[in-house]
Amino acid sequence: GGTTKDSAENNSGSNSGSKATANPNAPIKEGLKLAFLPKQINNPYSTIVNRSGIEAAKEFKGEAKEVGPSDASASSQVSYINTLVQQGHDAILIAANDPNAVCGPLNQARSRDIKIVAYDSDTDKSCRDIFINQASSEEIGRSQVKLLSDQIGGQGEIAILSATANATNQNTWIEFMKDELKKPEYSGMKLVKVAYGDDDDQKSFQQTQGLLQAYPNLKGIISPTTVGIAAAARYISSSEYKGKVVVTGLGTPNQMRKFVKDGTVAEFALWNPEDLGYLASYAAAALSSGQITGAEGEKFKAGRLGERTIGTDGEVILGPPFTFDKDNIDDFDF
Amino acid sequence: MTTLTSAPPAKKAPKAEGGLLDLVLRARELSILGALVVLVAVTAIVNPRFLSAQGVEDIFLNASILVLLAVGQTLVVITRNIDLSVGSVVGLVAFTTGKYVSGDDRSVVMAILIGLAIGALCGLVNGLLVSFCGVPALVVTLGTLYVIQGIGYYIAQGDQINAADVPQSLLDLGSGGVLGVPYLPLIAVLVMAAVGYYLRAYPSGREFYAIGSSPEAARLAGVPIRRRVLTAYVVSGLLAGLAGVLWLARFGTVVADAAGGWELKVVSAVVVGGVAIVGGVGSVYGAALGALLLTTIGSVLVVLKVNSFWQDALTGLLLLLAISVDRLLALRMNRVLRKRSAHHGS
Amino acid sequence: MSGPTPVLALVDVSKSFGAVRALKGVRLELYAGEVHALAGENGAGKSTLVKTFAGVHRPDGGRILLGGEPVVFNSPADAQSAGVAVIYQEPTLFPDLSVAENIFMGRQPRGALGRIDRSAMHAKAAGLFERLGVPMDPRRPARGLSIADQQVVEIAKAISRDAKVLIMDEPTAALTGQETARLFSVVEALREQGCALLFISHRLEEIFELCQRVTTLRDGQWIASETLEGLTPDDLVTRMVGRELDELYPKQDVEPGEVALKVSRLTREGVFTDVSFEVRRGEIVALAGLVGAGRSEVARAIFGIDRRDAGSVEVDGRPLKAASPTGAMAAGLALVPEDRRQQGLVMEMSIERNMGLTRLRALSRGPLISRAAERANAADWAVRLQLKYARAGDAVGVLSGGNQQKVVLAKWLATEPSVLIVDEPTRGIDVGTKAEVHRLLSELAAGGLAVLMISSDLPEVIGMADRVLVMHEGRITAEIPREQATEESVMSAATGRYGKEAA
Amino acid sequence: MALKTDGALGRFVRWDVLVTALLIAVFLGGSGMNPDFANTGNLSFALGDLGEIALIALPMTLLVVCGEVDLSVASVLGLASALTGSLWNAGWAFETIVPVVLVVGLVCGLINGLLVTKLGLPSLAVTIGTLTLYRGLAYVVLGTEAVSQFPQQYADLAVSNVPGTPIPYPVALFAVLAVATALLLHATGLGRSLFAIGSSEEAAFFAGVRVKRIKLLLFVAAGVISAFAGIVFTLRYGSARADNGMGLELTVIASVLLGGVDFDGGKGTLGGVIAGVLLIGVLRNLLMLDDVSTEIQAIVTGLLLIVSVLTPRLTAVVREARARRRVPV
Ligand SMILES: Nc1ncnc2c1ncn2[C@@H]1O[C@H](COP(=O)(O)OP(=O)(O)OP(=O)(O)O)[C@@H](O)[C@H]1O
Ligand SMILES: Nc1ncnc2c1ncn2[C@@H]1O[C@H](COP(=O)(O)OP(=O)(O)OP(=O)(O)O)[C@@H](O)[C@H]1O
Ligand SMILES: [Mg+2]
Ligand SMILES: [Mg+2]
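Chains as they are written, first to last, in my numbering: chain A, 1 to 334; chain B, 1 to 346; chain C, 1 to 503; chain D, 1 to 329.
These aren't lab readings, by the way, just hints derived from the structure by calculation.
Bear in mind the structure is a predicted one, so any value in this text is a computation, not a measurement.
There may be inaccurate statements among the hints.
Pairs of lysine-lysine, BS3-like flavour, derived with a Cα cap of 30 Å [claimed, not checked]:
1) D:K212 x C:K262
2) C:K321 x D:K118
3) B:K305 x A:K193
4) B:K99 x A:K65
5) B:K305 x A:K182
6) D:K267 x C:K388
7) B:K305 x A:K242
8) A:K301 x A:K65
9) B:K99 x A:K261
10) A:K242 x A:K182
11) D:K212 x C:K321
12) A:K203 x B:K305
13) A:K190 x B:K305
14) B:K99 x A:K326
15) B:K305 x A:K146
16) B:K99 x A:K203
17) A:K178 x B:K305
18) A:K244 x B:K305
19) B:K305 x A:K183
20) A:K299 x A:K65
21) A:K178 x A:K242
22) B:K99 x A:K242
Between the sequences and the hints, there should be enough to build the whole structure, so can you do that?
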């Protein structure tokens with residue numbers, strides 16, 4: 001954020017943040033009021049994340065709730081932030097639809113001493129206290145390429161099936177994928193197309209068909225979105241391309257179980273969304289209780305996940321993404 | 001006898017006129033068909049795989065759900081009404097039936113029946129509000145769009161139906177077929193043919209057109225307006241329900257807002273298909289063609305490797321092109337007709 | 001009265017619409033094998049009475065007797081199933097459906113499995129038009145039919161029901177003599193088959209030619225029911241109007257001034273060709289011809305409704321540019337169109353706003369409309385044309401046919417045009433009002449207005465016109481000066497038999 | 001033809017009156033039940049959130065009154081936003097961007113208008129097409145980017161209130177435009193013409209009303225206003241994106257219809273529409289404050305629409321039943 005009104009304000013905001021000194025052994029306050037604001041409610045993935053976050057809050061005797069728009073648009077998120085501010089909460093946990101659009105209101109919130117935890121999809125770093133990253137975006141991007149390369153022997157045309165063209169985290173990952181592909185060991189692989197399924201089953205489905213017809217020698221598809229990978233797998237599993245084209249990406253085990261079992265998909269990755277919500281919840285608590293301020297190097301206890309340290313830019317990384325395959329998929333249920 | 005007395009004017013030669021007029025009316029369907037053929041031909045030339053068995057199968061599979069909805073919508077639009085709630089109904093039905101069949105394997109037949117029932121119920125509500133309370137269709141169905149959507153979300157609570165939970169037998173309905181012909185298009189075509197035939201060949205069918213063409217005249221002619229309009233909505237709801245079940249069968253993974261925003265898609269299909277939005281004119285065949293055209297455009301643009309960002313723009317452009325060409329054709333024919341009558345006149 | 005029981009009868013029927021009391025204790029009896037006339041001024045309540053028979057309106061008071069038994073018609077469907085067929089004053093067709101389907105909607109001849117037998121349907125329809133002596137293609141869609149043709153379809157629809165009772169509300173208003181004659185022979189036939197008929201017309205001579213009994217209404221009140229024998233037209237008029245009637249066609253002779261409207265070589269392909277004529281200030285020029293001759297089309301083209309393919313129009317010497325009614329109005333033209341429901345009036349809009357629509361600018365004070373001026377304008381013309389209405393704020397659609405016609409006239413006369421084109425100005429207007437309209441027209445002409453009058457009513461044409469232009473199949477076949485204008489001369493020209501420059 | 005005329009309607013409960021009453025009730029109830037509602041901070045949020053919808057609702061009302069509709073408004077808004085972003089990226093001065101964007105909006109409206117008036121296509125069909133087209137162009141212009149960092153002073157204009165009031169500048173502007181539009185619709189010759197066109201286009205044309213020109217004008221107005229709303233939107237959220245305002249058109253139409261404008265044209269009041277817009281806004285805000293879940297919000301909005309048209313009709317039906325079901329023809 002350069003010279004926007006947003007950044008102007010929040011500079012002051014973050015200053016005030018860092019001025020307050022962290023007290024690592026301050027106890028977690030009871031009855032903290034947290035609010036989860038996902039990109040969009042009724043999205044299975046965020047439902048999982050937030051549910052476990054709300055569970056976590058119970059552990060430290062706080063109360064948490066989930067509110068959010070039914071469409072994944074920045075504007076409707078803003079209205080929710082405003083109401084949350086009105087209602088007065090200790091912390092707002094947000095998965096931003098747009099890093100900048102939400103900044104103004106978020107800083108309003110911070111000026112009222114409401115802590116802001118971004119998770120899953122970051123906001124401009126100037127308008128939140130910390131960001132819980134499901135895994136370093138870089139690691140996700142690069143590992144996806146590796147995953148696919150292993151399955152297609154590093155040779156052939158590949159395509160990416162993303163969510164909406166504006167999804168911040170998607171685009172970051174895709175950048176890293178492109179970068180990874182520049183490496184010599186992937187010289188055999190050629191990214192021919194980035195398609196957008198708008199996280200809509202039917203559209204993702206049709207986009208997949210299109211890709212396969214448009215690029216006859218397509219070897220693999222990476223879909224770093226839960227809706228996309230399911231749609232792609234579903235189409236291929238019921239088409240002549242089954243076994244010829246590899247699908248991988250980010251998906252939930254329950255979604256993908258069928259396609260792993262029937263051999264359409266060998267491997268796909270995801271972090272544990274429950275842990276993500278859990279960690280975010282604890283981070284919010286730590287912030288509100290003054291254990292941390294969001295400065296680099298601070299540490300806090302995150303219940304069963306143990307102690308976590310804040311990295312650069314106030315990022316806390318959940319851990320490396322986990323790779324599912326037919327051997328381990330049945331150990332998970334989410 | 002004081003008024004002007006004499007032989008009536010030599011009128012246009014009926015036969016020629018009749019034939020031409022039929023052509024004008026059918027031209028709407030024809031022009032869409034033409035557009036479709038051109039589109040497919042061009043694509044096939046650029047990329048032969050587009051017409052591969054798989055490719056063709058895909059086109060029809062994609063279209064069939066939209067076709068079903070378009071047929072239902074046509075019935076409603078012909079009576080000078082509109083049903084914006086279909087998208088929400090599909091979502092609701094897809095999810096609820098999904099919920100029903102998931103878990104311990106339940107009977108597919110039962111699932112379908114439930115789907116149809118829910119759809120019919122939604123249609124009934126719309127129909128009663130429009131026909132008996134006489135409230136403007138657009139407002140009512142915009143309202144029920146929100147309501148039904150809300151109910152869908154409420155039931156779903158953010159959960160999702162996964163392909164794994166859906167019994168294979170139901171999934172087969174979505175991808176399987178009889179002797180090479182997949183079920184979905186088969187169902188769609190059967191429904192279309194049935195409704196189309198009914199509208200054309202049965203007195204009660206014609207009354208739908210009468211109502212849309214002039215409600216006042218319909219009342220004076222003793223047409224049971226309310227009953228027909230109600231029927232139109234119930235059928236539309238019923239088909240939306242069927243579409244919902246097929247949606248589940250086809251995509252396996254379903255969230256509550258499946259088919260969100262499809263109402264506009266359906267309406268454009270119907271309009272492109274030459275069904276007059278003011279009622280009284282059009283056929284389900286045209287609407288079905290419209291649906292086919294729209295879905296084909298969707299696939300074609302990907303197959304032609306059109307830049308993702310241009311896809312929406314071009315879809316819109318082609319849509320406008322379709323209706324404009326259709327319109328120009330109609331105007332042209334009218335002029336021809338007038339010239340014709342000139343040669344008979346003098 | 002003793003004797004046979006009436007097939008259908010009204011007893012002390014009353015009906016009011018809000019403030020308007022359309023029917024006050026009216027009684028009427030229709031007997032088998034008799035044609036009963038219903039006479040009355042515009043707004044007397046004739047159509048309301050008809051709609052009561054038809055089940056469109058339910059009477060507030062009184063009863064309907066079917067074969068002596070009281071019945072209740074809740075809807076037109078009920079009346080139809082009771083054997084009552086109705087031709088309404090205003091044709092109401094399905095524009096998108098074929099003429100045949102319009103006739104047989106809901107009663108189509110069935111084939112196997114209850115399917116529509118189209119060929120049979122078209123054959124039947126053709127048969128009906130045969131009976132009515134009108135060649136019309138049953139497959140043709142109803143859209144684009146002239147008022148006259150629409151009326152014919154309505155008639156065909158009604159007689160196709162072979163009903164016990166046939167009710168006709170001004171069926172001949174739009175017809176030419178030829179078609180009227182055929183209609184009458186059909187009606188005669190039905191009467192002999194023992195059908196009971198009710199006939200409404202503002203042309204008294206038709207009533208005397210066709211009917212045996214007559215009932216007169218005045219302001220919704222029953223005045224008399226009597227046999228027509230021994231009754232003179234004047235008696236009937238007095239009963240209707242309640243006073244002696246002044247003379248029709250009071251054309252004053254005026255010295256024509258300079259040319260106000262000059263039409264040269266006007267052509268619209270497929271409708272009319274090479275039409276040229278002039279209308280001078282103070283002149284009333286009639287445009288006569290058969291239905292479909294293209295008279296209205298000429299008027300439309302002059303006024304800029306339709307594009308003209310060739311030719312020019314001059315108003316007061318200034319050429320009129322491309323098709324635009326606004327331009328035509330600015331130049332001083334006014335057109336009273338032939339179809340008042342579609343073209344003449346905005347049915348859902350109030351009477352005063354309809355009257356104001358043609359002169360919005362004149363009624364504005366600065367940018368804003370002055371309601372006061374609007375009201376005054378309406379009130380003024382309502383008086384001048386003796387409009388029968390309840391509140392100036394009511395929708396014009398609730399006015400009786402004739403009163404609607406008056407509103408159309410008012411809204412155009414209000415623009416104080418220099419050339420007035422009237423298409424069938426007295427269609428559906430009662431004798432009294434007709435006289436008023438005629439006087440109005442000749443006054444205006446005397447005041448220097450140039451009038452072009454399209455009419456199918458020959459006496460009107462002969463009576464009012466200084467010159468008669470006759471059209472035949474889209475061409476002007478004759479121009480007849482007032483003194484030579486006789487029914488024969490006009491007729492022969494209209495049918496193309498007469499004529500120097502005939503096609 | 002069932003005659004629901006100004007005169008006749010007056011005899012029933014009128015939609016716009018009803019809606020206004022409802023608005024007041026909701027407002028009072030809201031301030032009573034929820035302490036967070038009636039404070040200036042929240043109200044100006046709520047109003048600000050309505051800005052764009054309210055602005056677009058004005059030309060939409062005029063269009064619907066004369067029997068047309070424009071579904072492409074939200075896409076024009078998106079296109080305007082995207083264009084603002086890309087031009088700003090390209091280093092243009094904001095002062096030059098604004099007029100350019102407005103002109104683009106004008107062109108969008110012009111295209112809609114010409115297709116409707118020149119080809120005589122139904123506006124519903126045309127604007128469904130342009131809805132897709134314009135949104136697509138937005139993506140062509142800006143792609144996946146999200147541009148921020150717009151000049152301070154303009155950003156402030158979009159968010160801050162008129163000094164001493166809880167009213168954000170865009171809303172204040174809306175108020176002014178609303179009054180102007182109300183006068184235009186209800187007190188000028190043009191307004192009369194709109195109603196005439198709405199209830200009988202042919203008759204209006206015969207009476208010398210410039211039907212096509214007027215319609216064209218309205219579509220253009222809708223285009224320009226939507227583009228302007230796009231700029232406001234962009235500044236308000238400090239972010240220009242191709243998907244801004246997606247799906248807004250239905251909300252706009254919903255509030256217009258809620259305001260009692262007859263979708264078949266010829267009937268409606270601007271007062272009703274304003275009440276409708278506010279009602280939808282206030283209600284949403286209130287439901288959010290009370291933590292009512294999104295799905296329930298949707299249901300409430302829907303029911304509201306239905307009830308708002310049902311109530312007056314039912315009273316009408318009852319009245320007709322009492323008047324022995326007469327059907328004016
Ligand atoms: N031969 C025909 N067959 C069918 N319709 C026709 C024919 N000729 C004209 N029409 C239609 O009927 C209408 C009658 O033409 P027009 O009104 O110009 O003739 P007219 O002499 O004015 O008849 P009217 O006495 O009805 O005014 C025209 O609008 C035209 O569309
Ligand atoms: N639907 C209605 N609502 C209100 N008033 C009506 C309605 N229909 C008719 N009227 C009024 O009832 C009276 C009788 O109208 P009606 O149409 O029966 O007259 P009419 O005898 O048919 O006249 P015309 O000869 O001009 O057709 C008129 O004053 C008319 O304004
Ligand atoms: Mg009458
Ligand atoms: Mg005529």
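Taking each numbered hint in turn, which are not upheld by the structure, reported in ascending numerical order? none
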